[in-house]
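Put chain B on the given structure of chain A with help from the hints.
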Amino acid sequence: MIPAAFTYHAPRTLGDAVRLLRAYEGEARVVSGGMSLIPAMKLRLVQPEHLIDIGRLGELDYVRRTEDGGAAIGAGATYRSIERSRTVAAVAPMLVETVRQVGDLQVRNRGTLCGSAAHADPAADAPAALLALDATLHTTGGPSRRSIQARRFFVDAYETVLGPTEVLTEIRIPKQPARTGSTYLKFANKASRFAIVGVAAAVTVDRGGVCTRARIAVTGAGPRAVRATASERYLEGRQLSAEAIAAAASRASRGMEFIEDVHGSEEYREHLTGVLTQRALMEAARRAGV
Amino acid sequence: MRQVTLTVNGRRRSAEVEDRDLLVDLLREKLRLTGTHIGCDTSQCGACTVLLNGAAVKSCSLFAAQAEGAKVTTIEGLAKGDTLHPIQQAFHEEHGLQCGFCTPGMVMLLHEFLRRNPDPTEHEVRAALSGNMCRCTGYQNIVASALHAARTMRGEA
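Protein sequence lines, in the order shown, are assigned to chains A and B.
Just so we're aligned, residue 1 is where the first sequence starts under this note's numbering, counting upward by one.
Just so we're aligned, residue 1 is where the second sequence starts under this note's numbering, counting upward by one.
Since the hints were made in silico from the structure, they are not lab data.
Please note: incorrect hints may appear among the correct ones.
[What the hints assert, rightly or not] Below, simulated SDA-like cross-link-like pairs (lysine to any residue); rule was C-alpha separation at most 25 angstroms, straight line:
no.	chain 1	residue 1	chain 2	residue 2
1	B	K71	A	A10
2	A	K42	B	R126
3	A	K175	A	R65
4	A	K42	B	T5
5	A	K42	A	R84
6	A	K190	B	P120
7	A	K190	B	C136
8	A	K190	B	R126
9	A	K42	A	P177
10	B	K80	B	H123
11	B	K71	B	R28
12	B	K80	B	E94
13	A	K42	B	H123
14	A	K190	B	A55
15	A	K190	B	H123
16	B	K30	A	I2
17	A	K190	B	Q140
18	A	K190	A	R146
19	B	K71	A	E83
20	B	K30	A	K190
21	A	K190	B	K80
22	B	K71	A	P11
[Said to hold, decoys possible] According to the in silico footprint, chain A covers these stretches of chain B (three or more CB under 8 angstroms from chain A):
no.	segment
23	39-45
24	62-70
25	76-88
26	91-104
Please read all numbers here as calculations on a predicted model, not as lab measurements.
Beta carbons: idealized from backbone N, C-alpha and C, even for Gly.
Isolated chain A, as found in the complex (with noise of 0.2 angstroms):
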C-alpha cells in the first residue's frame, strides 16, 4: 500500500522540529516510531502534507531517574528501552508489564511511549498506565511549555490536548507510595494485540491492609481511555477484601462510554471491564502485599 505523497522532514534539533511544525501547522504530523502513524498513513486514513521525524533526536531518546525518585521518558525512547529500564522497573514496574504487552517485538523495536499517548489510539495499552501511575506529560512548541496530567490529556479516539504546534517531549512517571501493587491486564486482538478491553490498577494500602489509594484505569472499551473512579472511591478507606474488590469491580463501568466493533459489542465491553477490573485489583492486592 502506498501513503498519499508528502515531504519527509528530519530536523536535526527539537527547536527544529518545532520551527517545521509551526511553518506547516495544519499540515504537518511529528512522527517518532511511526508504529501507529505510518500503517494509518499506507491506508490513507491519515494524510499529512509533512511528516516531521523526532525519532532520530538523540537529545530525546532517553529514560532517566528524576530528583524526586520518580522516571523521565523521552519521546524518542522505544518500548524496547523502557522494558529493558533498571529506572522504570524500580519506579513502576507495571509500565514494564504494560509495554511487554505492546504489539511484538519489531513493533517494541520502533515504537514509543509517547508517540502511543499523543496518538491515543482507544485500543492502546500505554493511557491506561500511565493514567492509573498518575503520569505527566510534557509539551512544547504552543504558547508555553506544558506539563499536562494524564487523566486531562486523552480527549476522545484520536484525539489529546495537544495543539497543533505542540510536540509531547517527555512523560514522567511519579514515585509510587510505599506497599502499593499495580498490575495491567487485557484481553487482546489474536491477530493485532491491540487490547479489546485493558485495565491497569494500582493500589496502595496501610500497615493494616486498607486501601488508601486507587488508581484503575480502562483502555479499548471506550472511545478514549479513562479512570473508573466509582470503583476507586469505592475501595479508598475499605480493607481490601476479595469482596470489596468484587464490590468495586462491579462500579467499574458507571459512568463510562463504551464502543462496539466487530471485536466485540458494548455489552461484552462491558462485561470484560468489570470482570478484567476484578482481576486486577486482586493482582494488584496481592503485590501491595494484602
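Frame of chain A, contents of chain B only:
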C-alpha cells in the same frame, strides 16, 4: 525524489526514493534484494522483518528516508558463501518451512532474539515469534528450528 544512502549487508548503497517509499520497497525494488517479502503489508505478519542497526523491524512500516545512514541486514546478508547461517541451517535440518514465504522474516527476527537470549525456553521462542505469521506448517518445526539454532550457536551441537 531524494537520495538515501545506507549500509546494506555490509555494503554502502545509495538509491533515489520518493519520501513515501517504504524501506521494503527500497530493498526489493531499488536494490533488488527480494529475499525480504511483503506479506500482509499492514505490519502484522512479519515477513518483511530486517535488522535496522541490529534491531528487528518490519520494513513495511518504515519509510526508506528514515533509514538514511543506518545499517540494514537482510536475509541475503546471513550466509557466508555456500555456508548457511546457523539459523538458516537449523530451518533446513528441522524442516522449519513449507512454502518458505514467511521464513526470511522468521530468520531475521530470531537473529536478534537469539543474540539477546542465547538459551531461550520454548515458551520464550513462541512469545518472541508472536509478530511473525506462518500460514503453512504450524509453528512446531519453526520453534524446533529456533531451539536447534540456539544450541548450535551456543556450541552445543
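Hints versus structure:
no. : hint              : result
1   : B:K71 <-> A:A10   : holds, 18 angstroms
2   : A:K42 <-> B:R126  : violated, 29 angstroms
3   : A:K175 <-> A:R65  : holds, 10 angstroms
4   : A:K42 <-> B:T5    : holds, 23 angstroms
5   : A:K42 <-> A:R84   : violated, 31 angstroms
6   : A:K190 <-> B:P120 : holds, 23 angstroms
7   : A:K190 <-> B:C136 : holds, 18 angstroms
8   : A:K190 <-> B:R126 : holds, 14 angstroms
9   : A:K42 <-> A:P177  : violated, 43 angstroms
10  : B:K80 <-> B:H123  : violated, 30 angstroms
11  : B:K71 <-> B:R28   : holds, 16 angstroms
12  : B:K80 <-> B:E94   : holds, 20 angstroms
13  : A:K42 <-> B:H123  : violated, 33 angstroms
14  : A:K190 <-> B:A55  : holds, 24 angstroms
15  : A:K190 <-> B:H123 : holds, 17 angstroms
16  : B:K30 <-> A:I2    : holds, 16 angstroms
17  : A:K190 <-> B:Q140 : holds, 19 angstroms
18  : A:K190 <-> A:R146 : violated, 37 angstroms
19  : B:K71 <-> A:E83   : holds, 23 angstroms
20  : B:K30 <-> A:K190  : violated, 35 angstroms
21  : A:K190 <-> B:K80  : violated, 37 angstroms
22  : B:K71 <-> A:P11   : holds, 20 angstroms
23  : 39-45             : holds (count 4)
24  : 62-70             : holds (count 5)
25  : 76-88             : violated (count 0)
26  : 91-104            : violated (count 0)
When the structure is compared with the earlier hints, violations turn up for hints 2, 5, 9, 10, 13, 18, 20, 21, 25, 26 and for no others.
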